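Which chain is which? The protein sequence lines are A and B, in order. Residue numbers for the first sequence follow the numbering used here, beginning at 2 and rising by one. Residue numbers for the second sequence follow the numbering used here, beginning at 1284 and rising by one.
If you're looking for bench data, these hints aren't it; they were derived computationally from the structure. Be careful, since some hints might not be right.
With a straight-line cut-off of 30 Å between C-alpha atoms, the simulated BS3-like cross-links for lysine-lysine are [said to hold, decoys possible]:
| hint | chain 1 | residue 1 | chain 2 | residue 2 |
| --- | --- | --- | --- | --- |
| 1 | B | K1423 | A | K43 |
| 2 | A | K160 | B | K1505 |
| 3 | A | K169 | B | K1423 |
| 4 | B | K1386 | B | K1451 |
| 5 | A | K43 | A | K160 |
| 6 | A | K160 | B | K1506 |
| 7 | A | K169 | B | K1386 |
| 8 | B | K1603 | B | K1558 |
| 9 | B | K1558 | B | K1573 |
| 10 | B | K1423 | A | K95 |
Every value quoted in this text rests on a predicted model; they were computed, and no experiment measured them.
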Amino acid sequence: MADAKPPGEPKIMKGNAAPAAKAATGAFTPSGVSPSRRSRHKYTVRLWAVRNSRFLEWFYNRFADLFLLLHPLWNAIGYGRVERPVTFVERHVKGFLFDCRMCGQCALSSTGMSCPMNCPKQLRNGPCGGVRANGNCEVEPDMPCVWVQAWKGSQNMEKGNAIMNVQKPVNQSLRETSSWLRVTAEAAARREAASKEGQA
Amino acid sequence: MSPDINPFDPGAPLEPLPGHSSRGRLERVLRRGEFAVTAELNPPDSANPQDVYERAAIFDGWVDGINAVDASGANCHMSSVGICALLTRMGYAPIMQIACRDKNRIAIQGDVLGASAMGVQNIMCLTGDGVQAGDQPGAKPVFDLDCMSLLETVRIMRDNSKFLSGRKLTTPPQVFLGAAINPFAPPYDFRPYRLAKKIEAGAQFVQSQYCFDVPMFREYMKKVRDLGLHEKCYILVGVGPMASAKTARWIRSNVPGIHIPDSVITRLEGAQDQKKEGKQLCIDIINEVKEIEGVSGIHVMAYRQEEYVAEIVHESGVLKGRRPWKHETLPADAVVAERLEHIREGKEENQQQMAEAAAHHQH
Chain A
2 MADAKPPGEP KIMKGNAAPA AKAATGAFTP SGVSPSRRSR HKYTVRLWAV
52 RNSRFLEWFY NRFADLFLLL HPLWNAIGYG RVERPVTFVE RHVKGFLFDC
102 RMCGQCALSS TGMSCPMNCP KQLRNGPCGG VRANGNCEVE PDMPCVWVQA
152 WKGSQNMEKG NAIMNVQKPV NQSLRETSSW LRVTAEAAAR REAASKEGQA
Chain B
1284 MSPDINPFDP GAPLEPLPGH SSRGRLERVL RRGEFAVTAE LNPPDSANPQ
1334 DVYERAAIFD GWVDGINAVD ASGANCHMSS VGICALLTRM GYAPIMQIAC
1384 RDKNRIAIQG DVLGASAMGV QNIMCLTGDG VQAGDQPGAK PVFDLDCMSL
1434 LETVRIMRDN SKFLSGRKLT TPPQVFLGAA INPFAPPYDF RPYRLAKKIE
1484 AGAQFVQSQY CFDVPMFREY MKKVRDLGLH EKCYILVGVG PMASAKTARW
1534 IRSNVPGIHI PDSVITRLEG AQDQKKEGKQ LCIDIINEVK EIEGVSGIHV
1584 MAYRQEEYVA EIVHESGVLK GRRPWKHETL PADAVVAERL EHIREGKEEN
1634 QQQMAEAAAH HQH
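Based on the sequences and whatever the hints tell you, model everything.
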């Protein structure tokens, strides 16, 4: 199971963890394959998002307010009917910025704007023990660990402390749905409940 | 003889004690403030229970808990549930590891109940290595839960008597919850906070990854003490002997998450007998870390060198004369034997001789 590695700096094949072990299975293994889907070969945009986590946090807060302001509109059209177009936009915008995997329950605000679903182990609560000394992933040797980035990003954010919250397990039945609409609907429901309580 | 035995049945749980969440030996030892020693069982690639018993017998009288690994390094072996079921029969105190790599939340919650029913008192919640590390890299990585949500899941089962779904349990699993820490991987300054998170999620004891860099560990423990975490959780330091400089080098570049400084490799290389030096190095590290405030024990991982665990524990003197549980006859059995002896009144009755006498007896 040992990978044949030349002495000195180990040779890294892009995105191909344990290439020798995979080759030994007899299957044709092109480079850049891994059990976790790789949508892109470079991580430039993702890393930019982490570097600018504070700006993105500020921007998202405004954006969420706007979405909540539009709640009557969503309600009028029907949340079910706007789901598809909003999901389309969300997938592409967040896909570009964060390599979003559309888990449908966005945790970016508590993970320093580094999407935890890009972790091959899909850890949502912090880095595993296998992070390489250079800060790269154990499974994908050429990828910067999502959680090393998350820690960096959270340091810049105003509410970076949210990284300390224990996240619930992913609800797999919410995959491929819009997190923006869910957050808006929940916030609107909370607001309504609060106003009802205020009246009572 | 260890005070932590069930006088009627070695395989049965101990008497419940106030403030204890499990009925196991490890929790008692730690809560009494004694320096605990745990070891890792090398899981057999066989279906023979004898293999497990033999591998566990090596640790007899030297450790307070035996880790049953769950396909560590993503290499397939006998399951941790199976090993634990065998060990509890014999009275050992296994620590069942659960890795999130191979099972989803439905399987894991079922296993927790099954294990607890078999008498497992300690459960260790891990994320698990990636499938690429093992002998079957084509396997599907599950990772449905992560170590944190797994800890929380088992804690909810134990304390709230409920599944994750909210469905009620009639008898909750009474287990002592463990987790792993690795202070030797980046992001270094996040690691103590991650321990805090694990404690919040339910960790009551933690075992660390192999510690070869004591200054680095000291730095970590300083931060842990500043956060007051050592009072909320028992910290066991992972140690182990290196067979040679070559093994150390191989582990460094092939096993994820193990940090071995160059000084360790130089020391091993310079030695006449590298194996002996590796053992000595392990003892030296134990002697250094046991003095650090907040360290409650050691976790000896002597993969394929299990026979050295007793020597290492003995020579480091961490037990301070204490004898952990050992597979031996129960005091109740001794009482019964003594009573039988008394009833016999010292007479030896040989069945053959008596039959012979009866056959030749004149009526």
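Between the alpha carbons of K160 (chain A) and K1505 (chain B), is the straight-line distance 30 Å or under?
With Cα atoms ~26 Å apart, K160 (chain A) and K1505 (chain B) stay inside 30 Å; holds.
Is the straight-line distance between the alpha-carbon of K1386 (chain B) and that of K1451 (chain B) 30 Å or less?
At roughly 22 Å apart (the allowed maximum being 30 Å), K1451 (chain B) and K1386 (chain B) satisfy the hint.
Please verify whether K1558 (chain B) and K1573 (chain B) have alpha carbons no more than 30 Å apart.
holds, 23 Å
For the pair supplied as a hint, K1423 (chain B) and K43 (chain A), confirm whether the alpha-carbon distance does not exceed 30 Å.
Holds, at roughly 24 Å.
Take a quick look at whether K160 (chain A) and K1506 (chain B) sit within 30 Å of each other, Cα to Cα.
Holds. K160 (chain A) to K1506 (chain B) sits at ~22 Å (cutoff 30 Å).
Between K1423 (chain B) and K95 (chain A), is the straight-line Cα distance small enough, at 30 Å or below?
holds, 26 Å
So if I understand the rule, the pair passes when the alpha-carbon distance is 30 Å or less; does K43 (chain A) with K160 (chain A) pass?
At roughly 28 Å apart (the allowed maximum being 30 Å), K160 (chain A) and K43 (chain A) satisfy the hint.
Is K1603 (chain B) close enough to K1558 (chain B), meaning Cα to Cα at most 30 Å?
holds, 26 Å
Straight-line alpha-carbon gap K169 (chain A) to K1386 (chain B), limit 30 Å:
holds, 17 Å
Holds or violated: are the alpha carbons of K169 (chain A) and K1423 (chain B) at most 30 Å from each other?
holds, 22 Å
Hint compliance for this structure: no hint is broken.
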